[in-house]
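Student: Here's the letter readout for the chains.
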Amino acid sequence: MAAYKIVHYINQFFGGIGGEDMADYKPEVREEVIGPGLALKAGLGEDFEIAATVICGDNYFGENLDEATDTIIEMVKKYQPDVFVAGPAFNAGRYGVACGTICKAVEERLGIPVLSGMYEENPGADMFKQDVILVKTGNSAATMRKAVPKLVGLIKKMVAGEEILGPSIEGYLERGIRVNYFAKERGSERGICMLVKKMKGEEFETDLPMPKFDRVSPAKAVEDMKAARIAVVTSGGIVPLGNPDHIESSNATKFGEYTIEGMDAMSREDYMTIHGGYDRQFVLENPNLVIPLDVLREKEKNGEIGSLLPYFASTTGTGTATNSAARFGDEIGKKFIEEGVDAVILTST
Amino acid sequence: MVKGIEKYGIPVVHICTVVPISRTIGANRIVPAVGIPYPLGDPTQGEDESRKIREKLVTRALKALETPVDEQTVFEKDEW
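Those protein sequences? They're chains A and B, same order as listed. Here the first sequence is numbered in this note's numbering, starting from 1 and rising by one per residue. Here the second sequence is numbered in this note's numbering, starting from 1 and rising by one per residue.
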């Protein structure tokens with residue numbers, strides 16, 4: 001008898017049920033090894049058995065997330081597997097999201113180690129790579145053969161409780177986790193070595209890869225400033241006295257919108273800064289240093305600009321995750337479109 | 001935040017002290033600010049002078065918003 005049990009999750013297509021026309025297929029459990037499970041089983045050898053395969057249509061899963069998850073959790077629980085494997089989903093988007101969702105749920109609710117795999121541009125990858133180990137695959141099922149050794153290696157480590165090494169070594173998608181270790185050479189030596197390699201035009205691996213920033217093409221210039229509606233946004237942490245929305249002084253998870261209606265300037269009687277990343281003494285004294293309301297109001301009065309949006313948006317920029325900032329920007333932008341804002345002044349300390 | 005807003009087609013001018021950060025994140029119109037604890041003004045030069053500096057920077061920021069750009073542009077001067 002095999003020492004370790006696996007339950008495998010696949011979609012209707014890999015389960016041999018059918019294509020798009022069968023994507024509404026409800027979760028079903030079969031006590032057999034199906035489709036990609038065969039390659040997995042062959043790679044894992046005698047010590048492992050795939051006790052059951054769960055098949056679910058991608059649309060059914062996507063449209064009934066909670067129900068599908070609950071049902072599948074019950075199915076998996078019955079077998080008490082040592083590892084739960086989903087997919088791989090390659091570049092199938094709905095399948096990738098389903099694999100990520102079910103893996104995360106199995107790990108959280110049943111405490112069973114989970115593993116999936118997909119192509120790095122699968123939308124499920126960005127959604128779940130932080131939570132679930134996702135083996136990097138190509139964009140089609142033709143790359144299954146290459147994925148099997150990585151899946152097998154990780155499954156074996158999981159059951160043995162062995163340490164799983166970094167993403168480039170084990171072949172999974174980067175999770176953004178930093179692990180401390182003692183390097184053989186100190187930083188200055190590593191730096192010089194990298195520099196020498198770079199100058200020779202050789203490949204080198206950075207200790208700290210920079211996040212990838214996407215680009216937005218420049219919006220059209222304002223044609224008539226005298227008629228334009230201007231809004232002010234800041235990452236300088238300006239909030240009403242007492243910080244009613246409890247915006248964090250570092251690593252902000254939210255932004256606030258605060259009125260400037262009827263005000264000729266920002267007053268320290270009304271506003272303060274809670275930003276934890278700079279010496280606040282000057283801005284506490286005069287918040288116009290961050291929200292230049294005094295100047296803007298004057299320009300509004302003498303007709304240089306059309307009007308000012310009667311509130312500004314504010315958060316703290318220090319230590320704030322770029323994806324939080326992107327979300328704030330998206331929410332603010334959406335709202336400003338509704339408000340008919342023509343241009344934005346965004347100030348950062 | 002700059003890109004999140006600008007992707008809706010609203011031009012954003014980023015008045016910021018650390019221009020390389022603004023460049024890295026991808027702001028398209030950048031006006032360099034005075035200093036981290038006082039981006040718009042300089043209280044060490046007295047309130048009047050500080051306000052004049054603020055006025056100058058805001059005017060430049062509005063000019064930047066009126067200026068068509070097709071790549072990241074840092075507006076460092078007031079010559080138009």
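A few of these clues could be false.
[As the list claims (entries may be wrong)] A few chain A residues that face chain B, going by a derived Cβ cut-off under 10 Å, partial list only:
| no. | residue |
| --- | --- |
| 1 | Lys26 |
| 2 | Ile34 |
| 3 | Asn91 |
| 4 | Ser307 |
[Claimed, not checked] Pairwise CB distance ranges, derived in the manner of DEER restraints:
| no. | chain 1 | residue 1 | chain 2 | residue 2 | range |
| --- | --- | --- | --- | --- | --- |
| 5 | B | Ile36 | A | Gln80 | 52 to 60 Å |
| 6 | A | Lys200 | B | Thr67 | 25 to 33 Å |
| 7 | A | Glu257 | B | Arg23 | 24 to 32 Å |
| 8 | A | Asp131 | B | Thr67 | 23 to 31 Å |
| 9 | B | Val74 | A | Ile192 | 15 to 23 Å |
| 10 | B | Val69 | A | Ile192 | 35 to 43 Å |
| 11 | A | Ser250 | B | Arg23 | 18 to 26 Å |
| 12 | B | Val74 | A | Leu65 | 43 to 51 Å |
| 13 | B | Val69 | A | Ala227 | 28 to 36 Å |
| 14 | B | Val74 | A | Gly191 | 44 to 52 Å |
| 15 | B | Val69 | A | Glu121 | 43 to 51 Å |
| 16 | A | Gly166 | B | Val69 | 25 to 33 Å |
| 17 | A | Ile177 | B | Ile36 | 27 to 35 Å |
| 18 | A | Gly201 | B | Arg23 | 20 to 28 Å |
Note that these hints are calculated values from the structure, not bench results. Glycine included, each C-beta is placed from N, C-alpha and C at the ideal position.
Student: Determine for every hint whether it applies to the structure shown.
Tutor: Against the structure, the hints:
1. Proximity of Lys26 of chain A to chain B is violated relative to the hint, the smallest CB-CB distance being about 39 Å (cut-off 10 Å).
2. With its C-beta approaching chain B no nearer than about 43 Å, Ile34 of chain A sits outside the 10 Å limit, and its interface hint is violated.
3. Annotation: interface hint on Asn91 of chain A violated; nearest CB of chain B at approximately 25 Å, more than 10 Å.
4. With a cut of 10 Å, the hint placing Ser307 of chain A at the interface with chain B is violated, because the nearest CB-to-CB distance is about 13 Å.
5. Under the hint 52 to 60 Å, the C-beta atoms of Ile36 of chain B and Gln80 of chain A, about 57 Å apart, fit the expected range.
6. At about 43 Å, the beta-carbon gap between Lys200 of chain A and Thr67 of chain B misses the expected band of 25 to 33 Å.
7. Look at Glu257 of chain A against Arg23 of chain B: about 28 Å separates their beta carbons, and that is inside 24 to 32 Å.
8. The supplied range of 23 to 31 Å is broken by Asp131 of chain A and Thr67 of chain B, whose beta-carbon atoms lie about 44 Å from each other.
9. Roughly 32 Å separates the CB atoms of Val74 of chain B and Ile192 of chain A, a value that falls outside the hinted 15 to 23 Å.
10. The supplied range of 35 to 43 Å is met by Val69 of chain B and Ile192 of chain A, whose beta-carbon atoms lie about 39 Å from each other.
11. The hinted window of 18 to 26 Å between Ser250 of chain A and Arg23 of chain B holds, with their beta carbons roughly 23 Å apart.
12. The hint said 43 to 51 Å for the Cβ distance between Val74 of chain B and Leu65 of chain A, and at roughly 46 Å that hint holds.
13. For the pair Val69 of chain B and Ala227 of chain A, the supplied restraint of 28 to 36 Å is violated, since their beta-carbon distance comes to about 21 Å.
14. The supplied range of 44 to 52 Å is broken by Val74 of chain B and Gly191 of chain A, whose beta-carbon atoms lie about 29 Å from each other.
15. At about 30 Å, the beta-carbon gap between Val69 of chain B and Glu121 of chain A misses the expected band of 43 to 51 Å.
16. The given range of 25 to 33 Å is broken by Gly166 of chain A and Val69 of chain B, whose C-beta atoms sit roughly 41 Å from each other.
17. Taken as a hint, the range 27 to 35 Å holds for the pair Ile177 of chain A and Ile36 of chain B, whose Cβ atoms sit roughly 31 Å apart.
18. For Gly201 of chain A and Arg23 of chain B, the Cβ-Cβ distance of about 26 Å falls inside the hinted range of 20 to 28 Å, so the restraint holds.
When held up to the earlier numbered hints, the structure conflicts with 1, 2, 3, 4, 6, 8, 9, 13, 14, 15 and 16 and fits the remainder.
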